[in-house]
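Visitor: Residues per chain are reported as follows:
There are 4 protein chains.
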Amino acid sequence: MGKRKAYQKELEELQTELIGVTRWLRQSGKRVVVILEGRDAAGKGGTIKAMTESLDTRAYRVVALGKPDARETSQWYFQRYVEHLPSAGELVLFDRSWYNRAVVEPAMGFCTNAEYEHFLEVCPSFEKLLADDGIILIKYWLAVDQEQQEERFADRAGDPLKRWKLSPVDIAARQKYTEIGKLRDIMIERTHAAHAPWFVADFNDQKTGRLNLIRHFLEQIPSREFVDTPVKLAKLRGKPQKEHVTDKALTVPRVY
Amino acid sequence: MGKRKAYQKELEELQTELIGVTRWLRQSGKRVVVILEGRDAAGKGGTIKAMTESLDTRAYRVVALGKPDARETSQWYFQRYVEHLPSAGELVLFDRSWYNRAVVEPAMGFCTNAEYEHFLEVCPSFEKLLADDGIILIKYWLAVDQEQQEERFADRAGDPLKRWKLSPVDIAARQKYTEIGKLRDIMIERTHAAHAPWFVADFNDQKTGRLNLIRHFLEQIPSREFVDTPVKLAKLRGKPQKEHVTDKALTVPRVY
Amino acid sequence: MGKRKAYQKELEELQTELIGVTRWLRQSGKRVVVILEGRDAAGKGGTIKAMTESLDTRAYRVVALGKPDARETSQWYFQRYVEHLPSAGELVLFDRSWYNRAVVEPAMGFCTNAEYEHFLEVCPSFEKLLADDGIILIKYWLAVDQEQQEERFADRAGDPLKRWKLSPVDIAARQKYTEIGKLRDIMIERTHAAHAPWFVADFNDQKTGRLNLIRHFLEQIPSREFVDTPVKLAKLRGKPQKEHVTDKALTVPRVY
Amino acid sequence: MGKRKAYQKELEELQTELIGVTRWLRQSGKRVVVILEGRDAAGKGGTIKAMTESLDTRAYRVVALGKPDARETSQWYFQRYVEHLPSAGELVLFDRSWYNRAVVEPAMGFCTNAEYEHFLEVCPSFEKLLADDGIILIKYWLAVDQEQQEERFADRAGDPLKRWKLSPVDIAARQKYTEIGKLRDIMIERTHAAHAPWFVADFNDQKTGRLNLIRHFLEQIPSREFVDTPVKLAKLRGKPQKEHVTDKALTVPRVY
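Residue numbers (numbering that gives the first Met the number 0), protein chains in the order written: chain A, 0 to 255; chain B, 0 to 255; chain C, 0 to 255; chain D, 0 to 255.
No lab work stands behind these hints: they were computed from the structure. The reader is advised that the hints may include incorrect statements.
Repeated chains share a single entry, so a pair holds when one copy, or any two copies, can fit it.
[As the list claims (entries may be wrong)] Simulated pairs of lysine to aspartate or glutamate, EDC-like, Cα-Cα distance not exceeding 20 Å:
{"#": "1", "residue 1": "Lys164", "residue 2": "Asp246"}
{"#": "2", "residue 1": "Lys66", "residue 2": "Glu82"}
{"#": "3", "residue 1": "Lys206", "residue 2": "Glu52"}
{"#": "4", "residue 1": "Lys127", "residue 2": "Glu116"}
{"#": "5", "residue 1": "Lys161", "residue 2": "Asp201"}
{"#": "6", "residue 1": "Lys241", "residue 2": "Glu52"}
{"#": "7", "residue 1": "Lys2", "residue 2": "Asp201"}
{"#": "8", "residue 1": "Lys4", "residue 2": "Asp94"}
Given the structure is predicted, the values throughout are model-derived calculations rather than measurements.
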């Protein structure tokens with residue numbers, strides 16, 4: 000079995016268990032928040048895709064907020080995130096999160112030092128409120144060495160279909176690899192807690208990284224038994240029909 | 000070049016032009032609505048994925064509304080769709096749409112005959128208002144023969160990861176292939192218009208169907224020139240760093 | 000009985016019937032939209048207050064939209080109004096409405112002539128869709144002679160508590176009394192319809208205007224019988240208590 | 000000067016200062032939350048009306064949330080309140096608030112004892128987060144003796160226009176005067192804080208209560224200078240016009 004196939008097989012087994020997780024969530028009414036943080040190109044988007052592609056779209060939500068507008072900027076810092084927190088039975092995946100203020104914003108000068116310090120001070124209280132309310136909160140840092148990151152950037156820069164993923168901020172952040180690493184450590188040290196733990200996953204190989212992260216996530220959830228309920232399709236009445244569409248319809252030409 | 004690779008190559012060329020479309024939309028401020036309708040398993044979801052996977056996530060929106068709640072049911076029929084119509088520069092893809100009332104609802108008995116008739120009567124006025132406001136509105140029916148559809152259902156039923164896609168409504172609709180075909184023809188005949196045309200695409204082969212549909216869509220758009228703006232990555236200062244995370248962090252175990 | 004008392008007595012009788020209207024709406028699930036238009040200071044706000052002050056706050060909604068933001072401006076013109084249309088059993092009162100584009104905007108140069116013409120052309124289709132969906136739509140123009148209007152402006156300008164009500168647009172519009180009158184007539188002629196009629200109410204005397212308008216509105220509604228359901232308060236157990244608050248509480252000083 | 004006139008005069012003076020407060024808010028970008036709690040018929044609604052009737056409608060918001068729906072009930076308890084917190088320059092008045100869980104809900108058996116205890120424990124952390132973010136948070140308890148409350152209930156019960164204000168919950172709560180008093184004291188003792196203080200205002204006389212509360216509120220705000228900016232109305236060109244409406248318009252009959 001080739002490497003690609005092996006990956007696919009492992010992933011599908013994990014995805015089966017993820018379906019079990021969502022079933023447990025629905026039954027128990029529990030709520031889960033997963034936060035994915037990491038440098039640009041670390042693999043957050045691909046991980047979310049791998050985690051969700053076999054899930055019923057009503058069982059999870061992905062939250063990837065853009066830049067706050069003027070109104071949002073003037074509100075309580077956590078306000079725009081709070082509205083996306085899970086209801087009973089939901090899994091919410093944050094592709095970046097309130098931790099923007101702990102790493103990207105201070106690295107790029109998008110917040111004042113006072114705002115940064117304030118965030119580190121109050122963030123644990125905020126997360127404690129969520130945990131005390133019964134929300135399961137799990138935070139991942141996807142780690143990638145600079146050499147790997149550079150390869151991925153070069154790949155994006157070279158592919159017309161991927162260039163839009165390279166924002167000016169991403170490009171500027173390249174030169175701040177070390178600084179971002181320091182901010183990451185401070186963030187982890189100050190906001191790690193039993194009820195809102197940080198886990199670091201090696202994403203130098205994306206596929207392995209995804210498998211390890213999902214495996215780890217599954218183990219944080221009390222129950223994930225996948226109860227397979229076979230679906231039976233009754234025999235069709237009559238013989239299969241062709242889709243003959245009215246002559247009045249316009250047709251998409253067969254070019255390919 | 001294998002069939003899979005050939006498909007991928009064609010698709011990427013089309014995706015490049017789709018990026019050109021979104022660029023034109025942003026520059027011109029135009030708005031586009033694409034409606035995808037068709038039987039279950041016809042290929043709507045896969046088409047949307049193919050159309051959007053290389054687009055900047057801010058350039059388009061996918062709208063797939065669930066069952067209306069009691070409040071929505073009592074409102075103007077089009078109200079919950081209207082709130083998702085595009086702003087300047089946006090491409091909005093509807094994965095099923097207000098046409099639920101023209102096919103699925105009457106076939107499954109989810110609306111009264113009066114509601115069905117009323118929809119066919121007023122839908123053209125509604126769409127004319129959008130078109131008159133400058134919205135480009137294009138509607139596709141993805142055609143699939145029953146034999147193909149049955150194969151896809153059997154595939155879903157046999158795969159634990161895909162079973163959730165087979166809803167009870169889908170299963171019940173299987174036996175109504177002919178009736179749905181009649182409703183489809185009435186819908187097309189009564190709601191086709193120059194400013195909101197219906198196009199039928201053969202989706203018995205999904206990949207060919209996708210390519211043909213995207214090709215056709217591209218040709219409806221006045222401009223889709225892809226202006227490639229190469230991204231230059233400056234040379235890194237210093238040598239590449241490793242991502243050494245603080246010892247205080249917990250680590251996701253390497254299982255794979 | 001003084002004039003003020005007489006007004007109050009008449010108003011309360013009408014308000015009782017308005018409660019009957021909301022009861023009928025709740026029972027029948029019907030939906031009503033009332034649009035109030037008129038020059039600045041004509042009396043729209045006071046009328047809405049008179050109509051709603053005895054209604055259960057869950058039985059009606061008042062919609063007074065501000066200037067559209069950039070995003071809204073680029074959307075379908077009616078989009079931001081549509082989201083406020085009534086659900087089953089609701090009475091929605093519009094304090095100005097989509098008719099901004101028929102009078103205020105062209106008078107003040109806030110829309111192009113093409114936009115103005117387009118509005119007059121499509122507005123009837125839009126309102127027909129609502130009426131066909133079963134929404135009862137009633138439109139009032141509150142008429143006030145310039146002399147009266149000037150008196151009210153002078154009153155506002157002279158009262159520090161009311162000055163905020165005089166916007167620069169209001170002040171600029173003063174000099175356009177005649178032009179606004181012409182736009183009003185064109186609006187009425189082009190958008191009056193059996194299913195969305197315009198009614199003109201004389202508001203040179205505000206109190207009389209309000210009474211007449213409410214009386215007229217009541218007569219448009221098929222049923223408004225007020226069924227009084229007396230509320231019985233059981234005898235209290237024990238003797239009345241004083242509200243003794245804990246000594247630890249801070250107290251608002253008694254200044255008055 | 001009669002009592003009514005004297006009240007009106009005092010109130011208008013206070014309202015002038017309230018306009019000054021909103022001006023300061025707009026200039027400073029500060030945010031204020033006022034919470035009004037108290038027994039039924041204590042006077043919360045009337046106080047809010049007195050505080051806001053001369054304010055520019057864009058300068059404040061009143062938040063009076065109904066019963067949470069199933070989805071909201073399953074979310075973080077504070078989530079539905081958070082979305083109404085103020086943006087820069089806004090004054091938000093809560094007519095009842097998250098403190099429902101401290102008094103009404105436990106008194107009426109609408110929450111479990113564990114939920115009640117949990118609320119008292121976490122509420123201070125939540126409010127501290129808001130205060131630390133710079134939101135000015137002021138909480139009032141409007142005190143009313145049972146005799147007064149009974150009089151007001153009897154008044155409502157006897158007036159067909161006011162009966163809708165007497166909900167079954169209100170009526171059931173009548174018999175729990177003492178218990179509610181105990182819950183009030185526990186609430187104040189456990190959630191009073193320098194950054195989120197409770198103040199008790201005597202509302203046995205509603206008008207005096209309102210004046211005292213507003214006076215007190217004004218004194219909590221660092222600046223409330225009312226800078227009067229006189230509005231000058233230029234002389235009209237030409238002589239005043241009559242509002243002659245097109246003959247095609249229907250007219251509201253003059254009944255009164």
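Visitor: Would you pick out the hints that fail for this structure and give their numbers low to high?
Guide: As far as the earlier hints go, 1, 5, 6 and 8 are violated by this structure, in ascending order.
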